[in-house]
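Residue numbers (numbering that gives the first Met the number 0), protein chains in the order written: chain B, 0 to 630; chain F, 0 to 105.
Simulated from the structure, these hints should not be mistaken for laboratory data. A portion of the hints provided could be inaccurate.
Stated by the list, open to error - Just the calculated beta-carbon pair ranges, DEER-fashion:
no., chain 1, residue 1, chain 2, residue 2, range
1, B, Leu628, F, Met71, 21 to 31 Å
2, F, Ile22, B, Gly590, 19 to 29 Å
3, B, Phe625, F, Arg90, 13 to 23 Å
4, B, Ala593, F, Leu58, 17 to 27 Å
Said to hold, decoys possible - Not close to chain B: a few residues of chain F, all C-beta gaps over 12 Å, as computed:
no., residue
5, Lys5
6, Arg30
7, Met38
8, Leu49
9, Ser59
10, Ile70
11, Glu77
12, Ala79
13, Leu82
14, Ile97
15, Tyr98
16, Leu100
What the hints assert, rightly or not - Looking from chain F toward chain B, a few residues come up when the C-beta cut is under 8 Å (computed):
no., residue
17, Asp2
18, Ile22
19, Val24
20, Val27
Ideal placement from N, C-alpha and C gives every residue a C-beta, glycine not left out.
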Amino acid sequence: MDALITLIPFLPLMGAVLNGLLGSRLSERTIGFIGSGTVLLSFLLSLYLFIQINGGAEPMRTALYSFMAVDSFHVDFAFLVDSLSVWMMLIVTGVGFLIHVYSIGYMHGDRGFWRFFAYLNLFIFSMLLLVMGDNLVMLFFGWEGVGLCSYLLIGFWYENRVYGKAARKAFIMNRIGDLGLLLGLFLIFQIFDSFAYADIFERLPALRLDPGVLTVICLLLLVGAVGKSAQIPLFTWLPDAMAGPTPVSALIHAATMVTAGIYLVARCHPLYSLSPQALEVVAFLGLLTSLVAGLIALRQNDIKKILAYSTVSQLGLMFLSLGVGAYAAALFHVTTHAFFKALLFLGAGSVIHALGGEQDIRRMGGLRRALPITYGTFLLATLAISGVPLLSGFFSKDEILANTFAGGGVAWWVLAALGGGLTALYMSRLLFVAFFGTFRGTEEQREHLHESPRVMTVPLVVLAVLSVAGGLLNLPHLLHVNGAEWLAHFLSPSVGESRPARLLSAHTEWLLMGAASALALVAIGWAYWVYVGRQHVPQDETQLNRWERVLADKFYFDELYDWAFVRPAERLSQLLHYYADTWAIDGAVNGLGAAVQKLGAELRRLQNGNVEYYLLGMVMGAVLLFLSLWF
Amino acid sequence: MLDVVKSVPVDYYLWLSCALFCIGVFGVLIRRNALVVLMCVELMLNAVNLLLAAFSTYLSDAQGQILVFFIMVVAAAEAAVGLGILVMIFRNTHTTDIYLLDKLRN
Chain B
0 MDALITLIPF LPLMGAVLNG LLGSRLSERT IGFIGSGTVL LSFLLSLYLF IQINGGAEPM
60 RTALYSFMAV DSFHVDFAFL VDSLSVWMML IVTGVGFLIH VYSIGYMHGD RGFWRFFAYL
120 NLFIFSMLLL VMGDNLVMLF FGWEGVGLCS YLLIGFWYEN RVYGKAARKA FIMNRIGDLG
180 LLLGLFLIFQ IFDSFAYADI FERLPALRLD PGVLTVICLL LLVGAVGKSA QIPLFTWLPD
240 AMAGPTPVSA LIHAATMVTA GIYLVARCHP LYSLSPQALE VVAFLGLLTS LVAGLIALRQ
300 NDIKKILAYS TVSQLGLMFL SLGVGAYAAA LFHVTTHAFF KALLFLGAGS VIHALGGEQD
360 IRRMGGLRRA LPITYGTFLL ATLAISGVPL LSGFFSKDEI LANTFAGGGV AWWVLAALGG
420 GLTALYMSRL LFVAFFGTFR GTEEQREHLH ESPRVMTVPL VVLAVLSVAG GLLNLPHLLH
480 VNGAEWLAHF LSPSVGESRP ARLLSAHTEW LLMGAASALA LVAIGWAYWV YVGRQHVPQD
540 ETQLNRWERV LADKFYFDEL YDWAFVRPAE RLSQLLHYYA DTWAIDGAVN GLGAAVQKLG
600 AELRRLQNGN VEYYLLGMVM GAVLLFLSLW F
Chain F
0 MLDVVKSVPV DYYLWLSCAL FCIGVFGVLI RRNALVVLMC VELMLNAVNL LLAAFSTYLS
60 DAQGQILVFF IMVVAAAEAA VGLGILVMIF RNTHTTDIYL LDKLRN
């Protein structure tokens, strides 16, 4: 068993090493085979472990070696496989495998094909370390690893300066979050004297900690989670991260890496559960992010940017769910979101592929006839994310909304449901503008329109099936069917039974469900009327009214950060450059050199080769000596 | 002979040789003619000789006068070599101006 567990993360690492070292000499077929094959093997092994755990096996712990040991401080390189980590492993390797296969088609002919697969495999390795680690140091290890891979893949086409800048932005904003996480880790070690989850949670009740300290720990960890999961105020990197190839956006910036923050909070839920203030902050940030990102997405015209803001807003919903204490509901939404958001991104990739790099939905239109498979799967994913009844997104979002109602109250529910309605609105806007109506691109693009190859459409279809059927994982208990709330039961050993919605009456739940679904359907209907019925095409930026401008300009977050942080930092470094560097340091060093040179130039005049001059010096010296002896 | 020497106070010898020495130094420093410079060097040596002879007489010690002979030998050798060089220089450059002898400079 130990060997099996160890193989799961190390197979993708082997793939990364093979492709990274030999990739430039291998054919695309071989590279793709190594890249996807290793991830598939990891998936199958994870599936085996999942069956074990689901069959009632105890959580498995495997220590490979002592990572570091100094006095009482020791950290093991150890894996923990319990229901939470095995579930995350399934998502990471399962969705990861489909996206690897898709990438074989999408990246076909790219000069960096082997580099792409090496990075992607390295990412899967880091992400598996993150979710499989038995202690917070392992988590941090994986956390930094996925950050690095994200940076490498956003800047994959590094010849483009803008892409390079987007990669740096993502890296730096993540660094702010990582600082918080690191400080939280230090505080945890100071208090619990260990980094292992088991030790921390075991010692927690006996310590009788001051709630203030606990809140500080939770908030510091939250800073890390906010950075990685792109929540307010550290969310602006995610839309820019769309500079990377589309499969990267699907895998890293939608399905897996950005859910690391959710995983962190869910994993540390015993700490959060003891700190209501911290949970309130989590819920508030989540709700705020969900609404702000949803509003911004309404007036974006880049297909990938819309999906990016949609991801931010869905992550906000997950944080809201964590904040009201419904950890299992958050992970359910992580799962369904991984399915339909990966599908949406891959569908968008297929569209971009067909149009030769076009990403503006205003220059698409009428694609449903040219790209039938992409259209069909994209439609299903849109309906699923919008929360149309009986699709996966409906169940997961309903679960979150019900818990919000029970844990937060009516006002929270109304705002969260509004966030859900916004999702339906901007997603159907995207769908109708891009796939309905008439084609608005160039003649050249029209002639080249083609459905993507099989290697790309098969993952789309698989993900579409999962997006539709994902709800079966966790059917609401209202339906009174066998296997209702299966996922919540499965995860309960890891994240507890906490679920405020249990307190609600069946009538209330039906009512909430109906209201949220009606809102989603109304939003879709309205979007249909505007964008298909009236053939409305989003306008130029210049024709927007004032409120639309604010949305199109993303609430000026980038400008605000630019003004508040970037420019002061630049000015400070210019001042330092001028005063500290040029003036003080260069001045001292150059001044010393110049002084020596000047002294040498002066002294040189003494040695002019004139013997009488030397003689005069000698006589004067003798006279001076004589005088000094005399007096 | 001793009486003749001693008939002049020792101070006078001192002042005389000091004056001779200074004339020699200034001659070396300011004159341009190599021949005069050589003569000034001789003058300095002889100023010292005079002093040595005077002191040796007043102290009734012959060592000083012996040293005078040595200095005379050295001065003669120096004058011979110096004049020899000077003749060669004059043959090559047709001048004895030491300020023009800067062929090795730079």
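Going down the list of hints, with the structure as the test:
1. Leu628/B with Met71/F: 21 to 31 Å: holds (29 Å)
2. Ile22/F with Gly590/B: 19 to 29 Å: violated (50 Å)
3. Phe625/B with Arg90/F: 13 to 23 Å: With a Cβ separation near 41 Å, Phe625/B and Arg90/F fall outside 13 to 23 Å, so the hint is violated.
4. Ala593/B with Leu58/F: 17 to 27 Å: violated (60 Å)
5. Lys5: Nearest chain B Cβ is 27 Å from Lys5/F, so the label holds.
6. Arg30: violated (9 Å)
7. Met38: holds (16 Å)
8. Leu49: Since the minimum Cβ distance to chain B is about 19 Å, Leu49/F lies beyond 12 Å and the statement holds.
9. Ser59: holds (28 Å)
10. Ile70: Given a closest Cβ separation of 19 Å, the condition holds.
11. Glu77: The claim stands: Glu77/F keeps its Cβ more than 12 Å from every Cβ of chain B (closest is about 16 Å).
12. Ala79: Non-interface label stands for Ala79/F: nearest chain B Cβ at 21 Å, farther than 12 Å.
13. Leu82: At roughly 18 Å from the nearest Cβ of chain B, Leu82/F sits farther out than 12 Å, so the non-interface label holds.
14. Ile97: Violated, because the least Cβ-Cβ distance between Ile97/F and chain B comes to about 8 Å, which does not exceed 12 Å.
15. Tyr98: violated (8 Å)
16. Leu100: violated (9 Å)
17. Asp2: violated (33 Å)
18. Ile22: violated (13 Å)
19. Val24: holds (6 Å)
20. Val27: holds (6 Å)
In summary, the structure is inconsistent with hints 2, 3, 4, 6, 14, 15, 16, 17, 18 from the numbered list given earlier, while agreeing with the others.
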